[in-house]
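There are 2 protein chains.
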Amino acid sequence: MLYVVGLGLSDEKDITVRGLEAVKASSKIYLEAYTSILLVPKERLEEFYGKPVIIADREMIELESDEILKNAAVEDVSLLVVGDPLGATTHTDMLLRARSLNIPTRVIHNASIMNAIGACGLQLYNFGQAVSLVFFTDSWKPDSFYDRLKENSDLGMHTLVLLDIKVKEQTVENMMKGNKIFEPPRYMSINTAVSQLLEVEETRNAGVLAGDRTLAIAMSRVGSDEQKFVCGTLEELSAQSQETFGNPLHSLVIVGRRLHHLEVEYAEQFAIDKPNWRKVAKTVYGCSLEDES
Amino acid sequence: MLYVVGLGLSDEKDITVRGLEAVKASSKIYLEAYTSILLVPKERLEEFYGKPVIIADREMIELESDEILKNAAVEDVSLLVVGDPLGATTHTDMLLRARSLNIPTRVIHNASIMNAIGACGLQLYNFGQAVSLVFFTDSWKPDSFYDRLKENSDLGMHTLVLLDIKVKEQTVENMMKGNKIFEPPRYMSINTAVSQLLEVEETRNAGVLAGDRTLAIAMSRVGSDEQKFVCGTLEELSAQSQETFGNPLHSLVIVGRRLHHLEVEYAEQFAIDKPNWRKVAKTVYGCSLEDES
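So the protein sequences, as listed, match chains A and B. Each residue of the first sequence is one higher than the last, beginning at 1 in UniProt numbering. Each residue of the second sequence is one higher than the last, beginning at 1 in UniProt numbering.
Hints listed in this document are in silico derivations from the structure and should not be mistaken for laboratory results. A couple of the hints might just be wrong.
Copies of the same chain look alike in the list, so a pair counts if it works inside one copy or between any two.
Claimed, not checked - Here are the simulated DSS-like cross-link-like pairs (lysine-lysine), alpha carbons at most 27 Å apart as the crow flies: (1) Lys-28 - Lys-13; (2) Lys-13 - Lys-42; (3) Lys-141 - Lys-166; (4) Lys-42 - Lys-168; (5) Lys-13 - Lys-51; (6) Lys-51 - Lys-24; (7) Lys-24 - Lys-13; (8) Lys-279 - Lys-228; (9) Lys-51 - Lys-70.
Here the structure is a predicted model, which means the values were calculated and not measured.
All chains, please: the whole structure from these sequences, using the hints.
What follows is the structure, given as structure tokens:
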């Protein structure tokens, strides 16, 4: 049996009881470690499971998936995935291959950022499609997310913006020399994200985002003890130091115009400038809010 | 401390290890039981926790929340919620009240239908806003969901349709007499859902749905051992007996035009009529699929 087990959002205790049982029954345990990362090192998992955990990077998943599956035909194997197992296409592929080899599979679900964003006080019903924002370079600034953002914005929906992480990247030099030397992981900060968003708004100029009129919520380590939310206009967010937003991983929500006054009131506790948070919600978003007491 | 603990989707073992620790530390445990239901009776939970569980219906949450919170000020109290705690507004309200009383709170996330729908093979990125479908009566057929469905459809996005459940409802007679007699729970079937959808299409007539041209995926008990998916055109789905779809709870996904060929291929295993599934995906949705071998 191949178990594909969601680990949830932050540490070893976010696994479900069912997931933990699957892990304990497995003779091999792989941790998928390139579409997202957990907030604790794999040693914490190993100690908690009482078993070794094999880090499966992109290369291993792509090149050795047959071997992983071969084992799953004769014994229990667990593939651990941060968040929910079916957030990314990668694991659908693996399940399709298992099916074609007649290997039984079982997916064990868990929380992912796609539903846990409810923690910021915005209602899941009011979210449109999620988008991903990758690190820009001088020559590569992919901006197709802007079209999705505009679609959501036209409908008044909120947008979850997932920020790039770079794990196990090589420099061009090391890649050319065939050196298996990898750069330290990089996580996109809120400041970088906001700056890239406003850069694309300037180029595309469809009026989707405005520094002083678009509200957003910055999120750090959702679901963990260190969870932190900071909200305000994009301008206010970009004026903060990186420390304000807490440690990575971060995500960002662009607030849509269907904003409800209960959402404004819930998120107000996280606002950089509470009066301005309410003012923009009222004057730009058209929320009916009572005057502040 | 008030813990608001997500139970996940199906049974007592879907709770996270962190959630179970919170429950074990709590002197009072409430189970919210009207926005959704678990697939096992509360006795299974009590046995698993080794503690009594109090069923909190809408009345109790609304009338006695102050008492629940009063206890949480002096001891640990857990409020259990099926799925993820922050899918519904109800629990945001409770957290806001706790905050105003300076009672510390901790939300423990879990899988919900909003992210676990990835199990049907459609990518979460391709979903627009979710909608709810309530039981129609002769005189009450709320159809505002149709506007949301049209918005998603215009963008080519998939739509998760959450189907009504009626728990602890009274007949008009019992309500008028003040009898606290409640009807057995009712869960909307896939057949009813499809029939209501097509009824609204007929009235509103904006061409969002067509019996023989709209693909949909019916889902039963996502995340459980009994999980079942059945897919086809709306017409094909409505021609099936209720048993085809498995036991409640059900949900339905209306497939959007941004359908990717990998999504078609993954879901094909659940199709009522595989050749027609591929044919509609190809001719109506414009998917590039190889001819069947």
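Hints, verified against the model:
no.: 1; hint: Lys-28 - Lys-13; verdict: both (20 Å within a copy, 22 Å between copies)
no.: 2; hint: Lys-13 - Lys-42; verdict: both (13 Å within a copy, 24 Å between copies)
no.: 3; hint: Lys-141 - Lys-166; verdict: within (16 Å within a copy, 50 Å between copies)
no.: 4; hint: Lys-42 - Lys-168; verdict: within (15 Å within a copy, 46 Å between copies)
no.: 5; hint: Lys-13 - Lys-51; verdict: both (15 Å within a copy, 21 Å between copies)
no.: 6; hint: Lys-51 - Lys-24; verdict: both (8 Å within a copy, 26 Å between copies)
no.: 7; hint: Lys-24 - Lys-13; verdict: both (14 Å within a copy, 14 Å between copies)
no.: 8; hint: Lys-279 - Lys-228; verdict: within (23 Å within a copy, 48 Å between copies)
no.: 9; hint: Lys-51 - Lys-70; verdict: within (20 Å within a copy, 43 Å between copies)
Of the numbered hints listed earlier, not one is contradicted by the structure.
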